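Got two chains here, each in a separate frame; can you build the complex from them with the hints?
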Amino acid sequence: DTEVTQTPKHLVMGMTNKKSLKCEQHMGHRAMYWYKQKAKKPPELMFVYSYEKLSINESVPSRFSPECPNSSLLNLHLHALQPEDSALYLCASSQSSGYTEAFFGQGTRLTVV
Amino acid sequence: QKEVEQNSGPLSVPEGAIASLNCTYSDRGSQSFFWYRQYSGKSPELIMSIYSNGDKEDGRFTAQLNKASQYVSLLIRDSQPSDSATYLCAVKGGSQGNLIFGKGTKLSVKP
Numbered sequence: 017d018t019e020v021t022q023t024p025k026h027l028v029m030g031m032t033n034k035k036s037l038k039c040e041q042h043m044g045h046r047a048m049y050w051y052k053q054k055a056k057k058p059p060e061l062m063f064v065y066s067y068e069k070l071s072i073n074e075s076v077p078s079r080f081s082p083e084c085p086n087s088s089l090l091n092l093h094l095h096a097l098q099p100e101d102s103a104l105y106l107c108a109s110s111q112s113s114g115y116t117e118a119f120f121g122q123g124t125r126l127t128v129v
Numbered sequence: 125q126k127e128v129e130q131n132s133g134p135l136s137v138p139e140g141a142i143a144s145l146n147c148t149y150s151d152r153g154s155q156s157f158f159w160y161r162q163y164s165g166k167s168p169e170l171i172m173s174i175y176s177n178g179d180k181e182d183g184r185f186t187a188q189l190n191k192a193s194q195y196v197s198l199l200i201r202d203s204q205p206s207d208s209a210t211y212l213c214a215v216k217g218g219s220q221g222n223l224i225f226g227k228g229t230k231l232s233v234k235p
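For the record, the sequence lines run as chains A and B.
Residues in the first sequence are numbered from 17 upward in steps of one, following our numbering.
Residues in the second sequence are numbered from 125 upward in steps of one, following our numbering.
Since the hints were made in silico from the structure, they are not lab data.
None of these values were measured; they are calculated from a predicted model.
Hints may be right or wrong, so weigh each one.
Pairs of lysine to aspartate or glutamate residues, derived as DMTMM-like cross-links and limited to a Cα-Cα distance of at most 25 Å, are as follows [unchecked claim]: (1) B:LYS166 x A:GLU60; (2) A:LYS56 x A:GLU68; (3) A:LYS35 x A:GLU60; (4) A:LYS54 x A:ASP101; (5) A:LYS54 x B:GLU127; (6) B:LYS191 x B:GLU139; (7) B:LYS126 x A:GLU74; (8) B:LYS230 x A:GLU117; (9) B:LYS126 x B:ASP151; (10) A:LYS52 x B:GLU169; (11) B:LYS191 x B:GLU169; (12) A:LYS56 x B:GLU127; (13) B:LYS166 x B:GLU127; (14) A:LYS52 x B:ASP179; (15) A:LYS56 x B:ASP207; (16) B:LYS227 x A:GLU100; (17) A:LYS54 x B:ASP207; (18) A:LYS57 x A:GLU100.
Looking at chain B on its own, in the form it has when it is part of the complex (with noise of 0.2 Å):
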């Protein structure tokens, strides 16, 4: 069964600081990840996709992916209170597009 790995958290960091948000999938064929954020309420909202080993930077958001370690993370620079949220880790599950989502990571950020 294919699974994904977060730890669920809460991570804390100061206002400024660098959050890094971490996942690990069990299934060595995966090609396409995708990093989500959930406000409480909310629907998750796609904020980075990856696909290719290495990073992948948009604004304060720096996607990296490495198959060789089935891991992949979401480093947010200059953490704003407003990116306090839960973070959800997805794999694609299968040839129909299915996403395949981690426990999610509690993100808090202090002013």
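Chain A on its own, in the form it takes in the complex (with noise of 0.2 Å):
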């Protein structure tokens, strides 16, 4: 099984909203990564969590706030964004960092109005 599990897989939030996206895999991976991705672009790496803890931040604003509740669940809090934060949000796991074989969510469809 090589599952992971994103909610919701479309959101439309306005640009004072507070909104989040939710990640959730039971493959006993330790690492977990956001990823945006644009139109016809490739998927842009953001945040990194090993063992639970931020390893990777990459350098995005503040408006975007991970978190990791558990080795399980990777949550990413959405406040004030922009229209040109409109994107598919990915998340991936794998087992470790070092192992680098990572999975992807379904990704969920971000609009920002």
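Next comes the structure, spelled out in structure tokens:
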């Protein structure tokens, strides 16, 4: 089973809203990732959590706030987003940060209006 | 800055032909290489990983790695219309397991 589950699948939010994206895996993976993908572009890394600790923040604006409540869950809290933040947000996990076969969830399609 | 280069295509092949997708990378110390398939509007799906020089076969897919030339390729034999997708080459970017992606090659298999 290589399933990573993301909710919601689609999200439309206003620039003053606060929302959260959720990601869950039950494969016992200890590394989890958030990527952002714009249309016709490759995924771009946002954050890496390793053993529930934030290990990489790719200079992401503070309106994006990650959280890893436990080894199975990863959240991305969104606040005061801009229309240019509209994108596909992808969660991925791997067995560990050193073991790099990473499996992606189905993504959340975010539209900021 | 570590880079991964791919020809963006589109690459068009007839059904039943061999599709050949290529990728080069800039960091000579890279050790882990991956091919992901991404259908339009969907998330990337891991189809092959390769870590050692040479060929690795899985069904109709063969990944080839040449570290001396900093080159990795994916061959798809007996291409099917369902193989039509964007293929992303990815290289491990550092000790934290994050991936650096190429821009992807769009493959179209014509019936």
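Checked hints:
1. B:LYS166 x A:GLU60: holds, 16 Å
2. A:LYS56 x A:GLU68: Violated, at roughly 31 Å.
3. A:LYS35 x A:GLU60: holds, 21 Å
4. A:LYS54 x A:ASP101: holds, 9 Å
5. A:LYS54 x B:GLU127: holds, 18 Å
6. B:LYS191 x B:GLU139: Outside the cut-off at roughly 31 Å; violated.
7. B:LYS126 x A:GLU74: holds, 14 Å
8. B:LYS230 x A:GLU117: Measuring from Cα to Cα gives roughly 22 Å; hence the hint holds.
9. B:LYS126 x B:ASP151: Given pair B:LYS126, B:ASP151 holds - Cα atoms ~6 Å apart, limit 25 Å.
10. A:LYS52 x B:GLU169: Holds, at roughly 15 Å.
11. B:LYS191 x B:GLU169: With Cα atoms ~24 Å apart, B:LYS191 and B:GLU169 stay inside 25 Å; holds.
12. A:LYS56 x B:GLU127: holds, 18 Å
13. B:LYS166 x B:GLU127: holds, 24 Å
14. A:LYS52 x B:ASP179: violated, 31 Å
15. A:LYS56 x B:ASP207: Given pair A:LYS56, B:ASP207 holds - Cα atoms ~18 Å apart, limit 25 Å.
16. B:LYS227 x A:GLU100: Measuring from Cα to Cα gives roughly 20 Å; hence the hint holds.
17. A:LYS54 x B:ASP207: holds, 22 Å
18. A:LYS57 x A:GLU100: holds, 14 Å
Hint check: violations occur at hints 2, 6, 14; the rest are consistent with the structure.
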